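S.K.: Each chain, written out:
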Amino acid sequence: MIPDIKSKPKIVVDTSFWINIVYLGLDRYLIKYFKMYFVSKVEKEILDDNEFKMYDSIDMEQYSKSKDMKSITIKDPRNISKKLIDNLQHNSGELYSTALAIEEEMILATDDKGAIEFCSKINIPILTTIDYILFLYDLHELTLNDVNRSFYLLNGKIKFKYIEQGIICLKSKK
Amino acid sequence: MAKEINYKLKKSKTVRLSDSAVKNINYMVNDTRISESELLRSIIEKAIDEYRLKKALDAVKSGKKGISGGAEIAGISYRAFYEKMIENGVELDYGDYNVGEGLDKIKELVHGSQVNIKKKKKANYEDYNIGGGLDKVHKSIKSKKNK
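Those protein sequences? They're chains A and B, same order as listed. Residue 1 is where the first sequence starts when you use our numbering, and the numbers rise one by one after that. Residue 175 is where the second sequence starts when you use our numbering, and the numbers rise one by one after that.
By construction, these hints were calculated from the structure, which means they are not laboratory data. Be aware that a few hints might be false.
For lysine to aspartate or glutamate, the following DMTMM-like pairs were computed, each having C-alpha atoms within a straight-line distance of at most 20 Å [claimed, not checked]:
id, chain 1, residue 1, chain 2, residue 2
1, A, K159, B, E261
2, A, K67, A, D56
3, A, K157, B, D267
Every value quoted in this text rests on a predicted model; they were computed, and no experiment measured them.
Start from the sequences and build out the full structure, keeping to the hints where you can.
M.R.: Below, the structure written as structure tokens:
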């Protein structure tokens, strides 16, 4: 059953998070539980529009599909604080995504260190790819085998230390 | 690596080369059938790209830059740089963040939003060998890393 879109919590999605969750085949749950926002810079990074582009990757296709289905809202922040500019890469997807999350009190879905550290300090809710896997397991969308598979696939993309933390979190639920 | 080549060349540089380098260049010119200047330009450009990529990967590895910052240093797109990171074994770092620390808040937001989550039977963890399955993954990842 698709929940009412108006009541879903808002989430602003950063590029690395999107690429990772589509790679794991978990993007459909994001649409199910959240109202998704993307800043235009992130859209540009995902679609990687340039004259040398020869093919569309799966996450590009999934993004375009979700946009066609109107599951995605493009929104840019009105203001970016100086503190944010000083702490994050200028003119980057994570900068605008973090600014939007602050402005609209959204959850920030990111795997970017700078954005994670900044949002942690100011209590903006963060969802990393590993958090998201744990979240889906808690909601019974993923079985333990699915979680194992996802963690295995993330090896080499995300530092093992954080995968290990995810494993410890799961074990503590026992 | 997608890169715009600027054919409006403005400056010329003179360099002294070793005999073996000259021999190799001559061999490559004959072999590839491209002009000597074009060949030298492509060699220099490739070396510059490699240098920039190395600098970018080092910056990400040391935590000074994220993917966007690295992509800017390398002079390539975000996606291309993320692929290079994976190829070169540079993994994403969450810094001091502890995985799972913000999950309760997010679950609260989802549940509080009156999302009609289909109520499923409460997970019976006793049915699963939680430690066993995860340990297997843990070990296989670790052994893959050690290879």
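S.K.: Given the proposed pairing of K67 (chain A) with D56 (chain A), does the C-alpha separation stay at or below 20 Å?
M.R.: Status holds; Cα separation ~15 Å.
S.K.: Regarding the pair K157 (chain A) and D267 (chain B), is the alpha-carbon distance no greater than 20 Å?
M.R.: holds, 9 Å
S.K.: Taking only the CA atoms, is the gap from K159 (chain A) to E261 (chain B) under or equal to 20 Å?
M.R.: holds, 14 Å
Consistency note: the structure conflicts with none of the earlier hints.
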